[in-house]
Amino acid sequence: MIAILIGIALFAAPFATYRATRIASGEARFLIEALPFSMSAAVMIVALGVAAGAVLVRDPFGRLGSAVIGLAVLLPSLGLAAGYLTPANNAFARVSPSLGFWLLTLAYALLVIDALARLRLGPYGRLAALAVGASALALLLLSGIWDSLSILKEYHTRADTFWHEARQHLVLAFGSMAFACLLGVPVGIAGHRFRTLRAAVLQGLGIVQTIPSIALFGLLMAPLGALAASVPLAAALGIRGIGAAPAFIALVLYALLPIVANTIAGLSQVPASVVDAARGMGMSERQRLLGVEMPLALPVILAGIRIVLVQNLGLATVAALIGGGGLGTFVFQGIGQTAIDLVLLGAIPTVGLSFAASIVLDALVEIARGAPA
Amino acid sequence: MIEIEHLTKRYGDTTVVDDVSFQVEEGTLAVVVGTSGAGKSTLLRMINRLVEPTSGRVLIDGEDTRTIPEDTLRHRIGYVIQGYGLFPHRNVADNIATVPRLLGWNAREIAKRVEELLDLFQLDPAEFAHKFPHELSGGQQQRVGVARALAARPALLLMDEPFGALDAVIRAKAQDDLLAIQRRLGTTIVLVTHDMNEAFHLGDRIAVMNQARLLQYATPAELLMHPADAFVERLVGTAERPFRLLSLTKVQAALEPGSAEGEPIAVSDTLHEALSRLVWTGRRALPVADAGGTIIGRISVDGILDHGRALP
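Protein chains in written order, with our numbering: chain L, 158 to 530; chain F, 3 to 314.
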């Protein structure tokens, strides 16, 4: 299956796309045209080797090794291809990866994922694998080998804005998550204690969750605008109808349901006999909550935080629409200019962040759950 | 001494415990027995105030429990429930150390006490101290549960169906262990069960409850000889009665001079055990040996029957 994918990628699909300017339509370049002969031959031989490995080698370490070698040859070669295809001294031409490259990457990535799954890595192993992958990516980016690629050209023309918006994106996503935890966990604890409160809170937050994000951003504009106009202090704090404030508030509102619901669920699944024994031994309400109930509810609460973080990293993109900033800025600018590379400059880091966040938090959930073992 | 005076608990119109009074002497084991829903657990939970009584009071060594802050009261009373409620995220040593930690004992004292208790319950500290509850068998969990309840040397131990989750073989062993430990420590115990055999096996005195009311509080023998009403009589089991009576008496009481053929029976065994051995081996009499194994006389079927009739 993976071998077939590699075959198609090598011979039937273009490796890279060449465009005369950033918004011109692209021309396909096959692998053989995209690189000097010796290098394209090298990529091809390695790819065939990996394909053979995928078919013949059963040992997960062998499969992992062959896929990693494949990636180690493929990824830098893309940068070389970009340099090779771009005519000298032409600042307008753009080279971006095409179907063939993506398919090869997909094939190798599948092989890596498959091998990692077979290795059954524990949470720490997965975190280490993520760190290795992230450092390799960082190395590729820092080495400058990819600098001729279209996305990085987009990046280099606006590096300052990129980091500014990336920071804004993280502040929105993590800040709203932290705020939602500060608010949601106590509400969840209260909801667990008082049955009537629980139903009301969960229903209310459930309704918020059904409002589409753009609509919620819009809904918040009017009251916040009015607040800013009538209360000078609010305006001084940066609360306005548009901008980061409504985006932040909307993200917090979306984040509340998973956090509150999971806090309640986590606390309710603490066995009744454990709570009864804790009371019977004379643990005070606070000692019970901090020493017994919260530690036992933690894995479920962390699972809620994972949902929130992945959701917020994605939703924060939409914040750009109302002037909230974040990586979404590039996505919407790119759509406006029909510059697909610019869209990708916003989208790829977002996807990468969500991916990394979900791996990290999954590992944390497992560590928290595994603590008794 | 525990004095329970006119304890009553009502939830709305339903009376769960209705005017119950009895006393438990220092160092004895009282069993509260009855059908499910009779109010046994509620009665027990009113002693450590997990349930606040509607009226009535509980005195521990003359002190009204309402005058002691709830948590302080519970630090002084051991509590074991069915399923034990061990903390799944803490290992055996930390579980046992719960109350001493709440009381602020220092680390050395706690470590010493934990080791002492693990030894007492025949759990090797080196092997078990760092295990987590899910790594233990049911019987081991039960022992850790009782050890945890005894950690701060409470004078009173409350147990709610503490053997309910164990299979028959392990349960019998756990019951014997509890009796041995109780004799050794002199702890006063109030134990709730629905199992009449357990009540007769363990109780110095038995409180029979039905539909929120205490029907009779008496020694096992009195309960058999003079049941207070038809319900108690039925619960005690008419067909089982003679055998229960025999299991309350030791071979010593029916020991007669003379000799007999066969495997000797221990003088510390009960008449019930002796009779069942006689029936099983088809003999009229068996030799009786003392703790050292010396034959000190014999026991016969007629002797047991005579003795049965001679009981008060």
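Keep in mind the hints are simulated off the structure, nothing from the lab.
Just so you know, even glycine gets a beta-carbon here, dropped at the ideal spot from N, CA and C.
Hints are not guaranteed to be accurate.
[Stated by the list, open to error] In silico contact screen, one side only, chain F against chain L (beta carbon under 8 Å); selected entries:
no.	residue
1	Tyr86
2	Phe89
3	Leu104
4	Trp107
5	Asn108
6	Thr272
**Message:** Output the indices of the hints that this structure fails to meet, ascending.
**Reply:** Structure breaks hints 4, 5 and 6.
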